[in-house]
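Colleague: Residue strings, one per chain:
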Amino acid sequence: MNRSQPLVLGIESSCDETGVGIVRGTTLLTNTVSSSMDEHVRFGGVIPEIASRAHLDAFVPTLEQALSDAGVSLDEVDAIAVTSGPGLAGALMVGVCAAKALAVATGKPLYAINHLVAHVGVGLLESNGNEAPQLPENLGALLVSGGHTEILRINSITDDVVLLGSTIDDAAGEAYDKVARILGLGYPGGPAIDKVARTGNPKSIRFPRGLSQPKYMGTAEEPGKHRYDWSFSGLKTAVARCVEQFEARGEDIPVADIAAAFQEAVVDIISSKAVLACREHGIKDVLLGGGVAANSRLRELTGQRCASAGIRLHVPPLDLCTDNGAMVAALGAQLVMAGVAPSGIGFAPDSSMPVTSVSLPA
Amino acid sequence: MLILAIDTSAVASAALVSDDALEGVVASFSTEDTRSHAEVLAPGIAEMLAEAGVTGQDIDALVVGVGPGPFTGLRSGIATARTLSFVWGKPLHGLMSLDAVALEVAESTAAVPEFLVVTDARRKEVYWARYSLAEGKLPRLEDGPHVGFAADLPDLPAFGAGAGLYADTLRADPEFAQEQPDALYLGQFALARLASGNGLLDSTPLYLRESDAQVPGPRKRAL
Ligand SMILES: [Zn+2]
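If you're matching them up, the sequences are chains A and B in order.
In terms of the numbering used here, the first sequence opens at residue 1 and continues consecutively.
In terms of the numbering used here, the second sequence opens at residue 1001 and continues consecutively.
No incorrect hints appear here.
Here's a subset of chain A near chain B, in silico, CB distances under 8 Å, partners left out:
(1) Phe43
(2) Phe59
(3) Leu63
(4) Leu74
(5) Gly90
(6) Lys100
Derived from the structure by calculation, the hints contain no laboratory data.
All of these numbers come straight from a predicted model, not from anything done at the bench.
Each residue gets a CB set at the ideal place from its N, CA and C atoms; glycine is no exception.
Only chain B is shown next, with the shape it has when bound in the complex (with noise of 0.2 Å):
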């Protein structure tokens, strides 16, 4: 089975992986930047198609990142692969973004037991979720995702570029700190997922906050 996965909750990435590479990975690309989204995301998976002499008929199913992430980032991705599934007709699958870096975690030596993944939300807050690892087993999402301030997060060891901008606040991993969700784990972990017969979420995103748009109240009447 080859998939391709797209992520854009944090920074722009795409993964072809397959069951049957070594590895699961095929090919794969990410950007460092979270603002150019529009402009990278469609040259970088036609390069890496291309590299990897890969058509869209070759594809079995495409999986995307729904998030949290800022929204407009977010939506980049997910318009890429819906609008890819279309043309291709092959089935699309969402996944929450921060089990790309659960899954990162649990295949280091930094795994423990029970872990949170935490992201940048800006306006100084982080999305976050909270997992549960078992000895050869994926990670388990027990909480979450939610947004909100570092300081109220679980006492936990946290990981991610989110742990890492809140470091005096959260108990976050230095090799981890600087670590976004990656289409390349979300690719693999939902390879393992529907091996084991596992169910993968829809396309709809997880924006988490509501749109700030506020309904305009009465007009003050002059005195």
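Chain A on its own, in the form it takes in the complex (with noise of 0.2 Å):
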């Protein structure tokens, strides 16, 4: 195998991206993806069975495509990897079998991936023909989509990252599809209210903060349980009181300004206890990642606060912060190249998986 600019097809399943990958060492060939976002549109969120049904018809189709688009051949591949978790278990189950037929038809080796550490990964691919960066050492990752809310410290992406912080309910692009439907504002919620937010006034109402008071929080010291942690849910059960408020009043209901507060309120809690976590790691870098690192709002508020705190944000391109193939096959690279050996096909999706599982193991 070719382990200085090895070519690995990466496959995504996790959720409602059908994505296949391929880079050879950190330069992106293609980065393919077929998504079953409209077919969620009319539940107002993604419908886990109706996700695993799309990646079965849309796998094989996405494959061809990319093989085709990136201009090689499945037998000059050096290494598959796949989405093993955390997701969906019956939408990740569609690409891990996939994938393991893939590595069976073909003899290649294929390494099962931690979806989290990908999103991270594509921090490693060159753009615009600039030399690979390097990941900072104390690197942070903050994570926002409609899957997840995480913030991961990276002291190593091929075997040493640590779970800071996650949201203990809802992801918040969940909360944004939720609090969209209450206002009557479609799906997907993030593009939606993020538009609408602009009209509106932040401040005309002033909603919760979950997990920020002191009992979770704690002090630097004596972290409490829950101080780098999020939680959506009060805040999504908070809109729809307002909303019901002003029914019950007889009023209009004011969209642009609740959708602007509870944004607010998102984005607030998001960035301000992400920018803790780094700085009481000592973290100098933060990557942001995920679906929700296109809410301009959230962008906006991060950077101001990384950047007084002496943090430098980075953003890679939008749809490679949306779930794809080429983050999977990002890190699929990175771990080829350190020696990483591969997973075999007798692994088992895991719905869970823990961000200290970069690939599983033999």
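With the hints in hand, could you dock these two chains into one complex?
Modeller: Right under this line is the structure:
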């Protein structure tokens, strides 16, 4: 196997995107994605069974497209990488079975990869002909999407990743979807709320910031149980109550103001806790990943707060922030280059795979 | 003609069948478990191919059981078969999974002119189909597949693990009370159908049930 510039094919199916990406070392050759998002619109959120059905039908066409876009054949591929978790169990299963079949049919080594760490892996891809970036030491990663909300510390992307904090209930993107439904703004909620919020007054209503009370926070010396964790389910309930109160009084619902105030609550608590976690862990660089990285207010406020704390914020191109196969391939290539052994074909997908497991052992 | 058959509609199984081999069987494997397909299927196929000394280039076609069966398990076999078919460049056919049990019944001493094949659909329901059998012929699908309650099935001898599960309601054949669709019989059924010039299905899964997803109603307004 070529270990200096390995050609790696990555497969992603943990949520509603069927992704196949191909990289050579740190060079991105293709990032091919087929999304079932349109099929979830009428439900106002991702329906796991519908996502799984869509993965089954999308996989081979997406693979074929990726190979053709990259201009490579399966024979040339040095290794295959697949998301084995965390994610929706039935969705993961389709990608894992397809990846294993690919490994059986081609005889290529297979790496079972952690989806969250893969979000960080895209930071290692060259962009616009620039040299491949080295991941800085003391790197943090803030991942915000419809499926997850986490802050990670990356000591070594191939074998030492620590979870500093995460949501204890809904993911931030899920909260956006639910609130968008309450406000009648449609799905996906993130872009819809972001747009409407621009015309609203975020200070008109004050929504709660979950897990911000002293009993959860503690102090830097004696951290509380949820110092770097988030909770969004109370916020969603508060928005619903607020809407009901306007209705009960027979008043028009100030949709833009509520959207702006909700978004401010989400973005405020995400960025403040993320920056706090970074400061207290000596983290000087933070990579933003996940679909909610597209949110203008999240990027703005996180950028401001990072800057005033002396932290550099890195935001990869948006199509690499959302779920995709390129990030899986990018992390797979790092594992090959680091000499990590492949996972084989006997592993099981793990819907709650911890970040301490970057790839599964054989 | 060498066929690789795969079925994951209940247990995970795979087989290499050929019209050149004795009894048609080159190699086969199956599991007891109905919930770990994603783990065991690929290693099972890889071992089976290695032991039989068969590569993808030797295989003429693939056949996959398209259900009915529990969704997640069913998809693991179809995802596997579609990918193998794509990489090897070999045609993929589908067969209704209950046909495997029907062929097994036809080849047994328990064969009767009209019968049901019944498997477990979970949630207190069964997947079932009605077959007829004429001397020297392949079993013929007369009705189904359907999903429903055991109590609502036609009053006929019933074969398969779903019949065994509801033996108090159905005329379950005790010899077949644990029997699940097996790729071995599926492969043989496919060989026989292809030999007699009959077509097969494509690999579209037979889910029979909707996804259970509910379109949310309008939010209740406060009074
Ligand atoms: Zn993700």
